[in-house]
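For the sequence shown, our numbering begins at 43 and goes up steadily by one.
Don't read these hints as lab results, they were simulated from the structure. Keep in mind that this is a model prediction, so the values were computed, not measured. Check before you lean on any hint, since a few could be wrong.
[Said to hold, decoys possible] Quick list of in silico lysine to aspartate or glutamate cross-link-like pairs, DMTMM-like style, CA-CA up to 20 angstroms:
{"id": "1", "residue 1": "LYS590", "residue 2": "GLU692"}
{"id": "2", "residue 1": "LYS741", "residue 2": "GLU692"}
{"id": "3", "residue 1": "LYS244", "residue 2": "GLU273"}
{"id": "4", "residue 1": "LYS364", "residue 2": "ASP316"}
{"id": "5", "residue 1": "LYS238", "residue 2": "GLU291"}
[As the list claims (entries may be wrong)] Label-pair distances were calculated between CB atoms; the ranges are:
{"id": "6", "residue 1": "LEU954", "residue 2": "ASP555", "range": "34 to 44 angstroms"}
{"id": "7", "residue 1": "SER305", "residue 2": "ILE513", "range": "54 to 64 angstroms"}
{"id": "8", "residue 1": "ASP555", "residue 2": "LEU327", "range": "47 to 57 angstroms"}
Backbone N, C-alpha and C fix where the C-beta goes; we use that ideal spot for every residue, glycine too.
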Amino acid sequence: MSIISLKTLANFTQKTGGDIIGNIQVKEMVYTNSNGIFDIGDISILSNSNRSNFDVSLKSSFAEMEYKGSKFLNVFAEKIEKATLGKHLSNLRNYENSIQNGGDPESYSLKLNLLDTRAISQLVLPGFFVSPNSTLSVTMDNNMKVNAEFKAAKIGFRKNFSDNLNVTASSDNSELKSSINSDRLRLSGLNLDSSKIIINAKNNNVGLKLFYSINSKLKNSLSFSSSVGIERVTNSNSPLFRISVNPSEFYFNSELWNLASSSVSIHGSEFRFDKFKMFSNDQTLEVNGAVSENPGDSLFVKFNNLEITPLNFFIKKPFNIKGNFTGNAVATSLYSEPQLMFNVSGKNVSANETPVGDLNLSSKWDNQNKRFNISLASTLNGEKPLVLTGTFKPGNSYLDLTAKAIKTPVSYFEPFLSEIISKSSGTLSGDLRLKGELNKLVLTGENGHLNDVGFTINFIKVPYKLSGPFIIDGGGLKINGGILKDRFGNTGRVNGGLSFEHFKSIIFNTRVDFTNLECLNTVEKDNSSFYGNAFGTGSITISGSLVKILMDVSATTNRNTFIHIPLPTTSEASTNNLLTFVEPPKKAETKYYDDYGYLEPVSEKVIKAASELDVKLRIRINTDAEMLIEIDKSVGDVIKSFGTGLVDIEINPSKDLFSIYGDYLIDRGSYTFVLQGIFKRDFTIQEGGSIFFNGDILKTRLNLTANYNTKASVNTLISDTSSISSRRNVISSIRMEGELLNPRLSFGIEIPDIDPATKARVDAALNTEDKVVKQVMSILISGSFIPDVQSSIVNNSTLLYSNATEVLSNQINNIFNQLNIPLDFSFNYQPGQNGRDIFDAAISAQLFDNRVIVNGNIGSSKYLNQNSDVVGDVDVEVKLDEKGRFRAKAFSHSADQYSNYLDNSQRSGVGLVYQEEFTSFRELFNRIFLSKKRRELKAIERKAAKAAKMENKNKTK
Numbered sequence: 043m044s045i046i047s048l049k050t051l052a053n054f055t056q057k058t059g060g061d062i063i064g065n066i067q068v069k070e071m072v073y074t075n076s077n078g079i080f081d082i083g084d085i086s087i088l089s090n091s092n093r094s095n096f097d098v099s100l101k102s103s104f105a106e107m108e109y110k111g112s113k114f115l116n117v118f119a120e121k122i123e124k125a126t127l128g129k130h131l132s133n134l135r136n137y138e139n140s141i142q143n144g145g146d147p148e149s150y151s152l153k154l155n156l157l158d159t160r161a162i163s164q165l166v167l168p169g170f171f172v173s174p175n176s177t178l179s180v181t182m183d184n185n186m187k188v189n190a191e192f193k194a195a196k197i198g199f200r201k202n203f204s205d206n207l208n209v210t211a212s213s214d215n216s217e218l219k220s221s222i223n224s225d226r227l228r229l230s231g232l233n234l235d236s237s238k239i240i241i242n243a244k245n246n247n248v249g250l251k252l253f254y255s256i257n258s259k260l261k262n263s264l265s266f267s268s269s270v271g272i273e274r275v276t277n278s279n280s281p282l283f284r285i286s287v288n289p290s291e292f293y294f295n296s297e298l299w300n301l302a303s304s305s306v307s308i309h310g311s312e313f314r315f316d317k318f319k320m321f322s323n324d325q326t327l328e329v330n331g332a333v334s335e336n337p338g339d340s341l342f343v344k345f346n347n348l349e350i351t352p353l354n355f356f357i358k359k360p361f362n363i364k365g366n367f368t369g370n371a372v373a374t375s376l377y378s379e380p381q382l383m384f385n386v387s388g389k390n391v392s393a394n395e396t397p398v399g400d401l402n403l404s405s406k407w408d409n410q411n412k413r414f415n416i417s418l419a420s421t422l423n424g425e426k427p428l429v430l431t432g433t434f435k436p437g438n439s440y441l442d443l444t445a446k447a448i449k450t451p452v453s454y455f456e457p458f459l460s461e462i463i464s465k466s467s468g469t470l471s472g473d474l475r476l477k478g479e480l481n482k483l484v485l486t487g488e489n490g491h492l493n494d495v496g497f498t499i500n501f502i503k504v505p506y507k508l509s510g511p512f513i514i515d516g517g518g519l520k521i522n523g524g525i526l527k528d529r530f531g532n533t534g535r536v537n538g539g540l541s542f543e544h545f546k547s548i549i550f551n552t553r554v555d556f557t558n559l560e561c562l563n564t565v566e567k568d569n570s571s572f573y574g575n576a577f578g579t580g581s582i583t584i585s586g587s588l589v590k591i592l593m594d595v596s597a598t599t600n601r602n603t604f605i606h607i608p609l610p611t612t613s614e615a616s617t618n619n620l621l622t623f624v625e626p627p628k629k630a631e632t633k634y635y636d637d638y639g640y641l642e643p644v645s646e647k648v649i650k651a652a653s654e655l656d657v658k659l660r661i662r663i664n665t666d667a668e669m670l671i672e673i674d675k676s677v678g679d680v681i682k683s684f685g686t687g688l689v690d691i692e693i694n695p696s697k698d699l700f701s702i703y704g705d706y707l708i709d710r711g712s713y714t715f716v717l718q719g720i721f722k723r724d725f726t727i728q729e730g731g732s733i734f735f736n737g738d739i740l741k742t743r744l745n746l747t748a749n750y751n752t753k754a755s756v757n758t759l760i761s762d763t764s765s766i767s768s769r770r771n772v773i774s775s776i777r778m779e780g781e782l783l784n785p786r787l788s789f790g791i792e793i794p795d796i797d798p799a800t801k802a803r804v805d806a807a808l809n810t811e812d813k814v815v816k817q818v819m820s821i822l823i824s825g826s827f828i829p830d831v832q833s834s835i836v837n838n839s840t841l842l843y844s845n846a847t848e849v850l851s852n853q854i855n856n857i858f859n860q861l862n863i864p865l866d867f868s869f870n871y872q873p874g875q876n877g878r879d880i881f882d883a884a885i886s887a888q889l890f891d892n893r894v895i896v897n898g899n900i901g902s903s904k905y906l907n908q909n910s911d912v913v914g915d916v917d918v919e920v921k922l923d924e925k926g927r928f929r930a931k932a933f934s935h936s937a938d939q940y941s942n943y944l945d946n947s948q949r950s951g952v953g954l955v956y957q958e959e960f961t962s963f964r965e966l967f968n969r970i971f972l973s974k975k976r977r978e979l980k981a982i983e984r985k986a987a988k989a990a991k992m993e994n995k996n997k998t999k
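Whole structure, please, built from the sequences with the hints as guidance.
Structure (structure tokens):
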């Protein structure tokens with residue numbers, strides 16, 4: 043619906059001939075349509091007459107115009123037309139009276155300056171746009187000499203436009219001259235640079251010259267000239283155009299083409315060609331004959347070694363067809379009962395970068411049965427991957443084709459599904475038949491087989507290969523028990539397929555059951571809401587049309603799974619690379635109509651229905667899968683965890699939807715803390731922590747505790763100079779509860795290896811929450827305690843050395859991270875009293891996919907009565923099964939304060955650990971002693987008994 047509102051004040055007189063004298067004032071004109079509200083503003087029109095001279099002026103926000111002429115404005119266009127076309131090209135129309143010299147002299151002048159035309163364009167010509175300060179000037183003097191000029195920095199209609207357009211025209215008694223120049227012209231999707239058209243006309247003859255070039259790596263240009271004679275034909279309202287093409291040339295992708303001298307005539311709907319020929323080296327195209335309503339006329343086309351690549355400009359799908367074709371074609375009765383006969387052979391043909399081989403196509407007319415006999419055969423490496431024969435009856439538009447495919451590459455057809463899959467490979471075989479009226483075609487097939495058909499699903503970026511039989515029953519393609527493989531050899535079973543009744547639409551109805559199959563292989567640029575690498579066991583159902591596809595996934599995670607869930611508010615990852623390569627900024631391109639705020643009319647838009655993908659995942663996560671919640675990657679604020687849980691995820695990229703529900707119980711994990719890009723601390727998350735997902739990832743709730751282990755001297759904390767040379771294990775903890783972005787934090791410090799008396803003094807120094815927070819921050823930043831308020835120890839040199847060595851350790855670890863070396867290094871040095879300095883170096887590593895964990899340290903001995911000044915501790919843990927329930931541990935520790943009085947030697951040992959979670963001893967017994975099959979039977983029996991119990995309970999009610 044469109045609405046115009048305005049106020050008007052008019053005072054004018056209209057004479058019999060249509061002349062208007064007076065003024066018209068339009069105030070506050072507003073136009074409203076589905077695109078919005080457009081303020082056209084005020085319009086003032088003033089018209090005066092002085093005997094035989096007329097003055098008309100227009101002033102508005104969109105244009106200013108001044109007109110002076112011997113006649114009123116309504117006859118201006120007619121006068122100019124007769125003085126130009128009527129004088130020099132009178133055969134274009136039956137001009138009754140061309141202007142002749144003599145009589146009262148007449149003169150005209152029109153000057154138009156266009157301003158902001160955005161609003162008025164919506165009312166007068168939706169889709170039109172022109173830049174401000176565009177000008178039009180047209181004059182005709184007393185001798186009927188006409189001069190006209192139009193200039194516009196930008197002008198266009200919808201998707202067609204011109205930059206720096208300059209049109210000039212002049213006409214006198216001798217001839218009509220015109221030139222059109224444009225720096226850039228976009229016409230029907232073709233971009234032309236530096237285009238120029240020159241037209242000279244007189245005595246119903248037109249000389250035409252056309253030049254253009256395209257700025258690209260490959261040369262593309264045109265230099266064309268011709269002459270056109272215009273004649274009138276008896277008993278016909280249409281003029282006859284006789285076009286003589288002069289020898290011309292053009293470059294297409296740096297290849298020179300020539301146009302030979304030829305003639306073309308056009309009369310209404312009749313087109314006749316005489317020796318029209320274009321050629322480039324050994325490529326030729328010749329056209330002779332006619333297209334008309336006369337059944338006896340035929341058009342003959344002959345070509346030799348013609349490269350078919352230019353055909354891709356007219357195909358919407360990116361088939362990228364290549365090859366050289368030789369043959370001939372005859373077209374007859376195109377306006378009544380079209381008949382097309384051809385015999386064509388193609389060499390080195392390819393489609394979608396896949397070789398087709400040599401092609402032979404033919405169509406012959408069977409006059410007895412009133413049909414075309416069609417045949418097509420391809421030859422590739424001595425084999426015939428596709429042979430097609432059939433008929434077509436133009437009378438009822440009935441097609442009947444039979445095809446035999448033998449290892450035909452499927453990549454030919456990838457463009458049809460390019461929004462869903464890419465990188466297709468493999469072949470298919472089968473016997474196919476396509477028959478029916480053109481609007482009700484039915485495809486059937488038998489003996490079909492998919493041979494290692496490879497493809498990558500665009501959304502998950504996982505490459506697969508599919509093999510197995512298929513059938514086509516007229517309504518669609520069906521696969522029964524097809525084998526789907528990922529790149530690691532893991533498999534799944536495919537059942538179902540897709541329907542395409544009469545090719546109206548494609549509907550998916552497919553189910554895949556899989557075991558340890560790769561299900562995700564994306565990085566952050568592929569999907570900023572959810573990415574990573576995942577393997578799972580379960581099923582996936584694909585349904586819906588190409589316009590809206592639903593993927594319903596139910597799976598359990600397997601090993602080598604890691605999922606990243608970045609928060610929407612996080613910035614991009616910041617990494618301090620050892621070497622950084624900076625790419626120069628690219629010049630931004632602006633759409634031509636954005637410069638003027640042009641709005642294309644909604645009614646004129648052709649909206650392509652893009653594929654909408656809706657993915658629903660129900661995932662049972664186990665301890666093999668790693669989950670990374672990226673709170674803020676730019677500072678390393680990331681939670682990494684292994685655990686168990688049941689999570690429901692829904693993703694719809696077209697709607698920018700990502701929701702996640704479920705509970706997740708942490709088995710193990712880490713939390714990385716980074717301060718100012720220098721201090722980096724890895725916290726270990728305690729077992730039993732939990733994460734609760736509530737739809738919006740920002741509403742996720744946490745309930746977990748993370749520990750940071752280091753060594754520090756406690757003397758500064760408790761004011762004990764006697765223990766200056768003793769560094770103890772210190773565990774700093776952070777507990778996070780509540781919403782993910784704003785959790786409640788509480789801190790704690792634990793020093794396990796201290797005697798009861800020292801512990802009491804430590805507890806006294808940490809008896810308030812503020813003191814604990816202050817000491818935790820000191821441990822994280824400097825690796826040491828800061829003096830308590832009651833402490834008398836302030837050793838600035840000790841703190842300085844401790845901080846310096848801590849910074850050095852962090853920088854070394856940053857280098858290890860950049861080089862992907864899986865080591866965590868820590869070094870600390872403090873000058874001691876009585877000439878006894880203390881140092882401590884620690885190293886930890888997680889090897890072989892985290893199956894082997896090594897922690898060790900070496901440093902000065904803790905106790906003065908040690909035989910050696912240097913001692914060390916080593917701990918090694920090896921996971922013996924996939925889930926880490928069964929582990930082997932080995933250690934070698936230096937003597938501590940409770941055992942150093944024995945012999946001051948290392949304490950070493952080895953052991954086995956088995957961990958199992960259970961809700962009852964009966965469940966534990968069954969897991970250990972019953973086979974997997976018997977456990978499954980027991981579970982089924984328990985479910986059946988529970989169901990029967992519930993049924994009896996309901997009956998009792």
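>> A range of 34 to 44 angstroms was offered for this pair. Does it hold for the Cβ distance of LEU954 and ASP555?
In response: holds (37 angstroms)
>> Next pair to validate is LYS364 with ASP316; report whether the Cα-Cα distance is within 20 angstroms.
In response: violated (29 angstroms)
> LYS741 and GLU692: Cα distance at most 20 angstroms?
Replying inline: holds (15 angstroms)
> Taking the CB of ASP555 and the CB of LEU327, does the distance hold inside 47 to 57 angstroms?
Replying inline: holds (55 angstroms)
> Is the distance from the Cβ of SER305 to the Cβ of ILE513 consistent with 54 to 64 angstroms?
Replying inline: Given about 56 angstroms between the Cβ atoms, the range holds.
> Holds or violated: LYS244 with GLU273, Cα cutoff 20 angstroms?
Replying inline: Holds, at about 13 angstroms.
>> So if I understand the rule, the pair passes when the alpha-carbon distance is 20 angstroms or less; does LYS238 with GLU291 pass?
In response: Holds, at roughly 15 angstroms.
> Under the criterion that the straight-line Cα-Cα distance not exceed 20 angstroms, is the pair LYS590, GLU692 satisfied?
Replying inline: holds (15 angstroms)
In the structure shown, a violation is registered for the earlier hint numbered 4 alone.
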